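Asks: What follows is each chain in one-letter form.
Number of protein chains: 2
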Amino acid sequence: MKYRFIKITAGLFIWTLLAGSIGISNTAMAKNVILIIGDGMDDHQITIARNYLVGSRGKLLLDQLPMRSAVQVLTVDEKNPQRALYVADSANSATSMATGVVTSPGRIGTTAGSDQDVINLVELSQRQGIKVGLVTTSSITDATPASFYAHVSERGCENPNAMVEYEKYAGIIVDCSQDLKANEGLGSISEQLVKSGVDVALGGGMKHFTAAMEGSNISVLTEAVNQGYKVVTQMDELKGQHGGKLLGLFSPSTMPVRWQGQGGRKAENPETSFMNIFHPMLGSVIYPEPMRCEDNPDYGDMPSLALMSETALAELTTDGTKSFFLMIESASIDKQAHERKACGSIGELQQLDEVLAVALNFANSHPETLILVTADHGHAAQVLPERTIYEALDVPIHSPGQVARIKTPEGAIMTVNYATNNFVSEEHTGVNVPLLSNSNGVGRIPAMLTQPEIFTIVKDYLFD
Amino acid sequence: MKYRFIKITAGLFIWTLLAGSIGISNTAMAKNVILIIGDGMDDHQITIARNYLVGSRGKLLLDQLPMRSAVQVLTVDEKNPQRALYVADSANSATSMATGVVTSPGRIGTTAGSDQDVINLVELSQRQGIKVGLVTTSSITDATPASFYAHVSERGCENPNAMVEYEKYAGIIVDCSQDLKANEGLGSISEQLVKSGVDVALGGGMKHFTAAMEGSNISVLTEAVNQGYKVVTQMDELKGQHGGKLLGLFSPSTMPVRWQGQGGRKAENPETSFMNIFHPMLGSVIYPEPMRCEDNPDYGDMPSLALMSETALAELTTDGTKSFFLMIESASIDKQAHERKACGSIGELQQLDEVLAVALNFANSHPETLILVTADHGHAAQVLPERTIYEALDVPIHSPGQVARIKTPEGAIMTVNYATNNFVSEEHTGVNVPLLSNSNGVGRIPAMLTQPEIFTIVKDYLFD
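Chains as they are written, first to last, in this note's numbering: chain C, 28 to 491; chain Z, 28 to 491.
Quick caveat, the hints were computed from the structure, so don't treat them as lab data. One thing to keep in mind: the hints can contain errors.
All copies of an identical chain are treated as equivalent in the list; a pair is satisfied when it fits inside any one copy or across any two copies.
[What the hints assert, rightly or not] Derived lysine-lysine pairs resembling PhoX-like cross-links, with alpha carbons at most 25 Å apart:
(1) Lys293 - Lys434
(2) Lys234 - Lys349
(3) Lys266 - Lys86
(4) Lys434 - Lys86
(5) Lys195 - Lys349
(6) Lys106 - Lys434
(7) Lys486 - Lys86
(8) Lys272 - Lys222
(9) Lys257 - Lys349
(10) Lys208 - Lys266
Since the model is a prediction, treat every value here as computed from it, not as a measurement.
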């Protein structure tokens, strides 16, 4: 059943007829939206990055945007879609932004419980003749980018081999049987991407394109070429004009991040002395040694998010006057926070800030460009006092979780706490997240809104 | 040495002369500022309260304000004031707002290291003939209100008996010897309040007024009466017009809070089964039972923060046309979060939202009123997923800290995590905090600013 999808499509069809009859052309109203998403980039992540990159009194570029709003992140229960959940994942939160529909965790462009496809910004743009680009440091099939072009019941179903009882991680089984083309579904996420007609798609995730298309003996990558995509896999290939459709896949899955903790260290448990066995307030505690952030040796010659974004902007404007929609995601602010790697998150937030410089520069010469910067959901990391506020008491006070003590370039120590669970990977949190914009957002965006309203803002800006 | 104080005072004196000579009168430019501070009210606290009070899709009154900004909270090291600290306490953060000067934790209206007094908004207002009110649910001598009228080296020096090697809590010794009047200081905080000339001061903290004034045999409370204060201690006494100066002290220290967890419960440690002794991922885990919030039986007949604020507004406007500055603090959002009492914080954030209704109603009939709502620093609480995002794995994943699982009126479960330390009281965090305003702040307040700039905004609005 694709009821919702069909209903909205019919409305658009009528609108398009009307627009045609009164002579509105796309070129006449050329407007662009650049939606920059920091995955997990809540105010804590921004503060952590600011403290390190420009100092506590400094301003990141995103801090200097003229408009700030806050976003209520909404999620519902798959079994009872009337019931609120208070913490999102990247699939349901990106679906909110891409479709305006609140759904349950793990879902990509489909409704909670009823599994109906809902029209997304890529489809709406294409129906209006507007070009579309997607850029990310994750797999291009990962939840955030996928929500802008795909419809599938589970985010893990990223390629044709991951559709039926697929074990994504140890014990985590995903199943999208109902999305198989054999069952009148749209197939896996990578298959949907190569059919989507997205003009530019740049990121990681090559491993999701090497399997054979469902019911075929050609790979998804070959199908991409058949669909008119130029495929690039190396940074050097990004340079110059490409024309036509461009698919860049620069790593097997998530692209390596720019930075790591000194010697590859991440957050660690404070160590308590022997006496602590008898009572938590006996003995002493040693906090992890402070560390600097350093280049990640695995980063190699990855293209930066800024370079990919510049390429995407060039491709989307080859014909000069047409509007476009471009989504750019710095994905590993989140992924590094899951792994308690504060330096990794900081470097990826720096990547996002560099992208914003690219976008603002573009908007200088293309003033009808609305730039939005937001996060999809909150994350675990918190800045703790360097010394506990109870330090006068001679007791071993420490975080019950894990901490990274980062030496900041301004000569101080920043303690970053990860304490949402005792597992190998931290949890998201349910805090409202920031939404920032350039001057085109001023007066257009309320000071507080729900995440699905971001969809409406983009849609209204591009199509109204 | 009070160098800074004297320098600014001299400037003001010249300004006042100039203003007098060109005929500027205070009544001609009647403008009011109501600064509402939620202690520890970061975006997580707001989200937690919103989810409970109006549902995840609802809007608090503060969510509906037209202007949102974010505030960089700045703190420096007492021993090396050039060095940043990344987490504030309520003393140094309120000093930022009240004086525009960044100082070290624990300091009230004095500089880090050099211990110089810096002029505050109360003193500036009084020099301009502008009335001043202070309302709080904490002791009126606690760090946040104190920073607006007092100058002392340590926030704990709240009364004449707490000035020299005073043990505030077990093991926590405060000492303000240099602030003794005998040492040419200004004395304790309560002594400074009764000398301050603040027009209305309402809150808790009676115990800080019963001791004798330094070098005298009359109590601070008697001195308040001698200084022209009408002293009230019961809610019923708040009603009606008072005229003159008003001091309300409704509890011995912090006023009791409105709400508590069911049966007085707070956040609790998840319980793991026997097998967990051998490995954290063996066995099973039982999360604390969900609970509702309920009335706190100790609240008694405390005046609400809204009622105190209404009284303050009435007193500040008895002569109709003069400007005023009113600071209102909901103090126990923070204090309850320290104690891991999510329901307590929610109830006190509700109190703040009710105050905002009072302020907005006042501004309806007094349109030259700038209303600011902000927090002084971040706090520990985080919203975690109801079920871990790794629930498909059959392992006992749980917060390493303590959690409160709150049954929300919209029929869901909100898990609030407290995991900044293993001590009896949680830590503050270093996140940037929100600043909201009514329409008079639109175009006047940048989308991101440092906390001392709040001082400048208030000063410029009232005096420029």
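Asks: Taking the hints in turn, state whether each one holds.
Replies: Now for the hints, and whether the structure bears them out:
no.: 1; hint: Lys293 - Lys434; in the structure: within (13 Å within a copy, 35 Å between copies)
no.: 2; hint: Lys234 - Lys349; in the structure: neither (33 Å within a copy, 71 Å between copies)
no.: 3; hint: Lys266 - Lys86; in the structure: neither (31 Å within a copy, 47 Å between copies)
no.: 4; hint: Lys434 - Lys86; in the structure: within (19 Å within a copy, 40 Å between copies)
no.: 5; hint: Lys195 - Lys349; in the structure: neither (40 Å within a copy, 68 Å between copies)
no.: 6; hint: Lys106 - Lys434; in the structure: between (46 Å within a copy, 18 Å between copies)
no.: 7; hint: Lys486 - Lys86; in the structure: between (30 Å within a copy, 23 Å between copies)
no.: 8; hint: Lys272 - Lys222; in the structure: within (12 Å within a copy, 75 Å between copies)
no.: 9; hint: Lys257 - Lys349; in the structure: within (21 Å within a copy, 71 Å between copies)
no.: 10; hint: Lys208 - Lys266; in the structure: neither (36 Å within a copy, 73 Å between copies)
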